[in-house]
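Colleague: Sequence:
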Amino acid sequence: MPCIETVQCCIMENFKKIYLDYKHQIYFFVKKFISNMEDVEDVVQEILVHLWKHSSSLQDPKTLESIIFKTAQQEVSNFYRKNKMIFSFSDETLIKDEADSEKTDYEFKKEQLKKIHSLLEDLPEKSKTFFYKNKLEKISYTQIAKENNISKTAVEKQVNKVIRYIKTNLNLF
1 MPCIETVQCC IMENFKKIYL DYKHQIYFFV KKFISNMEDV EDVVQEILVH
51 LWKHSSSLQD PKTLESIIFK TAQQEVSNFY RKNKMIFSFS DETLIKDEAD
101 SEKTDYEFKK EQLKKIHSLL EDLPEKSKTF FYKNKLEKIS YTQIAKENNI
151 SKTAVEKQVN KVIRYIKTNL NLF
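Reminder that position 108 of the sequence shown reads as 108 in our numbering, one-by-one numbering, no gaps.
Keep in mind that the hints were calculated from the coordinates and are not lab data.
Nothing here was measured: the structure is a model prediction, and the numbers come from that model.
Yeah, the Cβ is synthetic: ideal placement off N, Cα and C, and Gly gets one too.
Among the clues, some could well be false.
[As the list claims (entries may be wrong)] Label pairs and their in silico Cβ distance ranges:
| id | residue 1 | residue 2 | range |
| --- | --- | --- | --- |
| 1 | Ile150 | Ser118 | 48 to 58 Å |
| 2 | Asn36 | Lys70 | 32 to 42 Å |
| 3 | Ser151 | Ile67 | 35 to 45 Å |
| 4 | Pro124 | Ser66 | 19 to 29 Å |
| 5 | Lys70 | Glu147 | 48 to 58 Å |
| 6 | Glu147 | Ser66 | 42 to 52 Å |
| 7 | Phe28 | Lys135 | 15 to 25 Å |
| 8 | Lys17 | Lys135 | 45 to 55 Å |
| 9 | Glu13 | Lys126 | 35 to 45 Å |
| 10 | Tyr19 | Lys161 | 52 to 62 Å |
| 11 | Arg81 | Ala154 | 52 to 62 Å |
| 12 | Lys17 | Glu41 | 47 to 57 Å |
[Said to hold, decoys possible] Mimicking DSS-like on lysine-lysine, the simulated pairs with C-alpha atoms at most 27 Å apart in a straight line are:
| id | residue 1 | residue 2 |
| --- | --- | --- |
| 13 | Lys53 | Lys70 |
| 14 | Lys31 | Lys82 |
| 15 | Lys157 | Lys31 |
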């Protein structure tokens, strides 16, 4: 029969792995539904405490992710209930299993690409061209600069402007 210390060590290692593998995903999941950073951190902490309390039952890798995000959903709902706010999760926000997660990720990425493409349409042609050549065609700043008879720094500035523009405006859709 294993000693208590060995069992506790295994539980601790299991939780540590869960924490390291999922802490960022949990944080960004909660951040989608709660805007105040202190509240986000509190809810994430509640989720992790809950997972710690039940870490001995989180051994099955097939169900681990769905349990983690179901717990996150419950804790976000608890936050809204405690603060007397109305909130409900739509079916799209629930991650039920790995297949749903992949589908959601794919749809999210597809939507983000459409938004980026739309944002790029508003940019000057040269900036857009430099961005495409550097980021999609993997052509160096130096090569683009030579082709356009301008400095490498000018190309770099144009590409960075495009990136900043996308980052700034992507969440405004």
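Colleague: Within 52 to 62 Å or not, the Cβ separation of Tyr19 and Lys161?
Modeller: violated, 38 Å
Colleague: A range of 32 to 42 Å was offered for this pair. Does it hold for the Cβ distance of Asn36 and Lys70?
Modeller: Check failed, 23 Å falls outside 32 to 42 Å.
Colleague: Between the beta carbons of Glu147 and Ser66, is the distance compatible with 42 to 52 Å?
Modeller: holds, 50 Å
Colleague: For the range 47 to 57 Å, tell me whether the beta carbons of Lys17 and Glu41 fit it or not.
Modeller: violated, 22 Å
Colleague: Go ahead and decide if the range 19 to 29 Å is satisfied by the Cβ distance of Pro124 to Ser66.
Modeller: violated, 46 Å
Colleague: Determine whether the Cβ-Cβ distance between Lys17 and Lys135 falls within the hinted range of 45 to 55 Å.
Modeller: violated, 34 Å
Colleague: Lying within 48 to 58 Å: is that true of the beta-carbon distance Lys70 to Glu147?
Modeller: Since Lys70 and Glu147 have Cβ atoms about 53 Å apart, the given range 48 to 58 Å holds.
Colleague: Given the range 52 to 62 Å, decide if the beta-carbon distance of Arg81 to Ala154 lies inside it.
Modeller: holds, 55 Å
Colleague: Against the 27 Å threshold, does the CA-CA distance of Lys157 and Lys31 hold or violate the hint?
Modeller: violated, 32 Å
Colleague: Does Lys70 lie within 27 Å of Lys53 when you go C-alpha to C-alpha?
Modeller: The given pair, whose Cα atoms are some 15 Å apart, holds under the 27 Å limit.
Colleague: Can you tell me whether the CB distance of Ser151 to Ile67 sits inside 35 to 45 Å?
Modeller: violated, 54 Å
Colleague: Hint says 35 to 45 Å; check whether the CB-CB distance for Glu13 and Lys126 agrees.
Modeller: violated, 54 Å
Consistency with the previously given hints fails for numbers 1, 2, 3, 4, 8, 9, 10, 12 and 15, ordered from lowest to highest.
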